[in-house]
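The primary structure of each chain is shown beneath.
There are 2 protein chains.
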Amino acid sequence: MVSIGVRGGGYSQATCLSCPARPRMLCAGLDDEFLPALNAISSKVTLEKGENLFIEGDRSTYVYNVIEGFLRLSRLGQDGRRQVLGFLTTGDYLGHTSRSEYTLSAEALSDLKVCRFRREDLQGLLSTYPRFERQFHHMTAGLLDDMLDLVFTIGRKNALERVASFLVYQMDRKSVSDTMPGSIWLPMTRADIADFLGLTLETVSRAFSRMKKNGVISIDHAHTINILDRGRLIDLSEGNG
Amino acid sequence: MVSIGVRGGGYSQATCLSCPARPRMLCAGLDDEFLPALNAISSKVTLEKGENLFIEGDRSTYVYNVIEGFLRLSRLGQDGRRQVLGFLTTGDYLGHTSRSEYTLSAEALSDLKVCRFRREDLQGLLSTYPRFERQFHHMTAGLLDDMLDLVFTIGRKNALERVASFLVYQMDRKSVSDTMPGSIWLPMTRADIADFLGLTLETVSRAFSRMKKNGVISIDHAHTINILDRGRLIDLSEGNG
DNA sequence: CGGCGTGTTGACCCGAATCAAGACCGGTGG
DNA sequence: CCACCGGTCTTGATTCGGGTCAACACGCCG
Numbered sequence: 001m002v003s004i005g006v007r008g009g010g011y012s013q014a015t016c017l018s019c020p021a022r023p024r025m026l027c028a029g030l031d032d033e034f035l036p037a038l039n040a041i042s043s044k045v046t047l048e049k050g051e052n053l054f055i056e057g058d059r060s061t062y063v064y065n066v067i068e069g070f071l072r073l074s075r076l077g078q079d080g081r082r083q084v085l086g087f088l089t090t091g092d093y094l095g096h097t098s099r100s101e102y103t104l105s106a107e108a109l110s111d112l113k114v115c116r117f118r119r120e121d122l123q124g125l126l127s128t129y130p131r132f133e134r135q136f137h138h139m140t141a142g143l144l145d146d147m148l149d150l151v152f153t154i155g156r157k158n159a160l161e162r163v164a165s166f167l168v169y170q171m172d173r174k175s176v177s178d179t180m181p182g183s184i185w186l187p188m189t190r191a192d193i194a195d196f197l198g199l200t201l202e203t204v205s206r207a208f209s210r211m212k213k214n215g216v217i218s219i220d221h222a223h224t225i226n227i228l229d230r231g232r233l234i235d236l237s238e239g240n241g
Numbered sequence: 001m002v003s004i005g006v007r008g009g010g011y012s013q014a015t016c017l018s019c020p021a022r023p024r025m026l027c028a029g030l031d032d033e034f035l036p037a038l039n040a041i042s043s044k045v046t047l048e049k050g051e052n053l054f055i056e057g058d059r060s061t062y063v064y065n066v067i068e069g070f071l072r073l074s075r076l077g078q079d080g081r082r083q084v085l086g087f088l089t090t091g092d093y094l095g096h097t098s099r100s101e102y103t104l105s106a107e108a109l110s111d112l113k114v115c116r117f118r119r120e121d122l123q124g125l126l127s128t129y130p131r132f133e134r135q136f137h138h139m140t141a142g143l144l145d146d147m148l149d150l151v152f153t154i155g156r157k158n159a160l161e162r163v164a165s166f167l168v169y170q171m172d173r174k175s176v177s178d179t180m181p182g183s184i185w186l187p188m189t190r191a192d193i194a195d196f197l198g199l200t201l202e203t204v205s206r207a208f209s210r211m212k213k214n215g216v217i218s219i220d221h222a223h224t225i226n227i228l229d230r231g232r233l234i235d236l237s238e239g240n241g
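Top line first, the protein sequences correspond to chains A and B. To convert, note that position 44 of the first sequence is 44 in the numbering used here; the numbers rise steadily by one, no gaps. To convert, note that position 20 of the second sequence is 20 in the numbering used here; the numbers rise steadily by one, no gaps.
Be careful, since some hints might not be right.
[Claimed, not checked] Computed footprint of chain A on chain B, listed as stretches where at least three residues anywhere in the stretch have a Cβ under 8 Å from a Cβ of chain A:
#, stretch
1, 57-66
2, 94-106
3, 131-138
Simulated from the structure, these hints should not be mistaken for lab results. For every residue, glycine included, the Cβ atom is placed at its ideal position computed from N, Cα and C.
Work out the full structure, taking the sequences as your base and the hints as a guide.
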């Protein structure tokens, strides 16, 4: 079984002007003059590790933008089978769906700070500031592109290729201004990675071990992976092993 | 290897007012007064079975809306592995991506008629008619939801469950005004279905055979599936076999 | 009628799942 | 400080579902 955690979290008024994550957020493209309007309809929510922002079946009232921290999107089948749909961090947004209820749960993998918008409030703004709508739509299209990549990965790649693809993706997502280039911090467990890639945690562990043995990566403390041979990792991820 | 077909197709001026697919299209929500503007930036394209509307790597200049016919979206790995991302028909739209090049190919599975928009032209309209942008964005979000379902299906379901899920999906997508309720017309091959579900064509064939033997479906001519026991099919698709 | 693309079915094999044991690591309390 | 404990990770042995290989059936078209 999988722990669901406790829904909840603290709330406080947002101040978009001082938002540290601004350049990577939904509001990235907006001129400062629009911020007050945005400020009026947004609020900050903080969660502790293990809490859920929402779970499958909740009415899809809100859209969120991650300010700081990590979270995991997942779906659970009746019999406990779990599929992880993504790992999100600063700048990512979530909660947008065409359906009236979320089909996913969003759980904090660390202490988490997010910016929350009521969807209907957002609709109002969108008509007034088309540029915002465009940015919003563009981010949805980006998520779609990411999901297409994921479908290819889990539909047609073997275990080693999937794990390598996962590492390449995490590598590429890291911001350029990065304290530790060449090494990746993975806040999620092996089970989370396995449920993301359609594998078991044992298979993920074995894939890491193989890449370690081949000198492609090295591992400190299980959650910090050092990429020793970037080119070879990419080859592995594409099946040119 | 997989045949790529020939890119091409005939062109003619669109007349949105008389479009038979209107209620299911991108333009569904628009008042008649907006149609001339839409008309001005759209054109109809017709393709024959086997032709490609676009292939991976083409610049993503256009967005399309299917008026009539079927098509298949797929991605090809260097070594020939193929993943099918979807089967589209009347009302579906395609070609929208956050990237400058398509990461998919779109091939006609039958003679095909689509409505084509240049993306930048569309951007202009979107600012003028926010309702249109909303409809457009809503359809993108719908595609994203569909992809999340697909990820769960291929990541966590076994062969029989995947094929059952595929049939349930095709069943639900059929319009209410339907000449043959309880039976599904599948224009794609077993290999296409296999590449959609992350299986082999043999495994798909065996799954159909098992469902036939159990009295859940019957099959005429391989491309017409009759659903004999809808409830049991849904159970199968969810792993309550 | 023959040929080819597509679909079905069977025999066998292999990669990842499952089952199981032990190692590691961080946190807690004596 | 160290002993203990629970959660996580690694590694090995075995099993099994679906892939692979192969033969044949079907249906369509020339």
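Hint check results:
no., hint, result
1, 57-66, "violated (count 0)"
2, 94-106, "holds (count 6)"
3, 131-138, "holds (count 5)"
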